[in-house]
Amino acid sequence: MFTDVEGFTSISESLAADVLVKQLTEYFNLAARVFARHGGVVDKFMGDGIMVLWGAPMDLEDAEYKACTAALELHAEMNELNATWRAQGMHEFRTRIGIHTGHAIAGVLGASERLSYTAIGDVINVASRIEGANKELGTRTLISETTFAGLGGRLATRRIEEMAELRGRQTRMVLYELLEVEHQPR
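Take 60 as the starting number for the sequence shown in this note's numbering and just add one per residue.
Hints listed in this document are in silico derivations from the structure and should not be mistaken for laboratory results. Any given hint could be a false lead.
Listed below are the simulated SDA-like cross-link pairs for lysine to any residue, each with C-alpha atoms no more than 25 angstroms apart in a straight line [to be verified]:
{"no.": "1", "residue 1": "K194", "residue 2": "A170"}
{"no.": "2", "residue 1": "K125", "residue 2": "H97"}
{"no.": "3", "residue 1": "K81", "residue 2": "D121"}
{"no.": "4", "residue 1": "K194", "residue 2": "D118"}
{"no.": "5", "residue 1": "K103", "residue 2": "G148"}
{"no.": "6", "residue 1": "K194", "residue 2": "P116"}
{"no.": "7", "residue 1": "K125", "residue 2": "R145"}
{"no.": "8", "residue 1": "K81", "residue 2": "A115"}
{"no.": "9", "residue 1": "K125", "residue 2": "K81"}
{"no.": "10", "residue 1": "K125", "residue 2": "D77"}
{"no.": "11", "residue 1": "K103", "residue 2": "T177"}
{"no.": "12", "residue 1": "K103", "residue 2": "Q147"}
Now the in silico label distances, taken between C-beta atoms and shown as ranges [stated by the list, open to error]:
{"no.": "13", "residue 1": "L174", "residue 2": "R145", "range": "14 to 24 angstroms"}
{"no.": "14", "residue 1": "R173", "residue 2": "I219", "range": "38 to 48 angstroms"}
{"no.": "15", "residue 1": "G212", "residue 2": "A170", "range": "19 to 29 angstroms"}
{"no.": "16", "residue 1": "T230", "residue 2": "G148", "range": "41 to 51 angstroms"}
{"no.": "17", "residue 1": "E172", "residue 2": "E204", "range": "33 to 43 angstroms"}
{"no.": "18", "residue 1": "A208", "residue 2": "G180", "range": "15 to 25 angstroms"}
{"no.": "19", "residue 1": "G66", "residue 2": "F104", "range": "30 to 40 angstroms"}
{"no.": "20", "residue 1": "R153", "residue 2": "T230", "range": "26 to 36 angstroms"}
{"no.": "21", "residue 1": "R92", "residue 2": "G212", "range": "35 to 45 angstroms"}
{"no.": "22", "residue 1": "G148", "residue 2": "D181", "range": "21 to 31 angstroms"}
{"no.": "23", "residue 1": "A146", "residue 2": "I179", "range": "11 to 21 angstroms"}
{"no.": "24", "residue 1": "R217", "residue 2": "E172", "range": "27 to 37 angstroms"}
Every value quoted in this text rests on a predicted model; they were computed, and no experiment measured them. Yeah, the Cβ is synthetic: ideal placement off N, Cα and C, and Gly gets one too.
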């Protein structure tokens, strides 16, 4: 999973650094708690983005469902936090998410002087590109066809009718929008 705050560059230009850091810290803490509740492991924070793994470093059963429910819960909790921020006259954060399923290599990687745990592979790059497609499609959460298959129809989705072209990739992909709680089956 990759996340990104929509319009973060504009937000950061209009805020004092201490206010921006306070809001980002509150957002990151909320997101990390949500992900942990659903078995996700934060790999890294990248500016305003987050890379999250499900199934690494340990195997995780039903990872697609857990990642998708975490995404939905993050949106719901951000709606509450944004209401609080709005009441305080602060900027809101609208989070975009991309989720893809596949095999990656996870482990310690880096230079001799600086190592960190991470995951690499095409699946990681594709998840990042899927997140980026939200901007063009006007969506908040996109999942790959592989992730969709792992859901087994348990969550509401909408198939994006056009095969999506992902930046830097030669082949187009079928994507699905993960619909938020008001659209979920009861």
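Verification of the supplied hints:
1. K194 / A170: violated (34 angstroms)
2. K125 / H97: Cα-Cα ~5 angstroms, so holds.
3. K81 / D121: violated (34 angstroms)
4. K194 / D118: Violated, because 31 angstroms separates the two Cα atoms, which is more than 25 angstroms.
5. K103 / G148: violated (29 angstroms)
6. K194 / P116: violated (30 angstroms)
7. K125 / R145: violated (30 angstroms)
8. K81 / A115: violated (30 angstroms)
9. K125 / K81: Since the Cα atoms of K125 and K81 sit roughly 28 angstroms apart, the hinted pair is violated (cutoff 25 angstroms).
10. K125 / D77: At roughly 34 angstroms apart (the allowed maximum being 25 angstroms), D77 and K125 break the hint.
11. K103 / T177: Holds - the C-alpha atoms of T177 and K103 are around 8 angstroms apart, at most 25 angstroms.
12. K103 / Q147: violated (29 angstroms)
13. L174 / R145: 14 to 24 angstroms: violated (41 angstroms)
14. R173 / I219: 38 to 48 angstroms: holds (39 angstroms)
15. G212 / A170: 19 to 29 angstroms: Violated, at about 45 angstroms.
16. T230 / G148: 41 to 51 angstroms: About 46 angstroms separates the Cβ atoms of T230 and G148, which means 41 to 51 angstroms holds.
17. E172 / E204: 33 to 43 angstroms: For E204 against E172, whose Cβ atoms are near 41 angstroms apart, the range 33 to 43 angstroms holds.
18. A208 / G180: 15 to 25 angstroms: holds (19 angstroms)
19. G66 / F104: 30 to 40 angstroms: The hint (30 to 40 angstroms, Cβ to Cβ) is violated, given that G66 and F104 are roughly 18 angstroms apart.
20. R153 / T230: 26 to 36 angstroms: About 29 angstroms separates the Cβ atoms of R153 and T230, which means 26 to 36 angstroms holds.
21. R92 / G212: 35 to 45 angstroms: violated (28 angstroms)
22. G148 / D181: 21 to 31 angstroms: Given about 44 angstroms between the Cβ atoms, the range is violated.
23. A146 / I179: 11 to 21 angstroms: Given range 11 to 21 angstroms: violated, Cβ gap about 42 angstroms.
24. R217 / E172: 27 to 37 angstroms: violated (47 angstroms)
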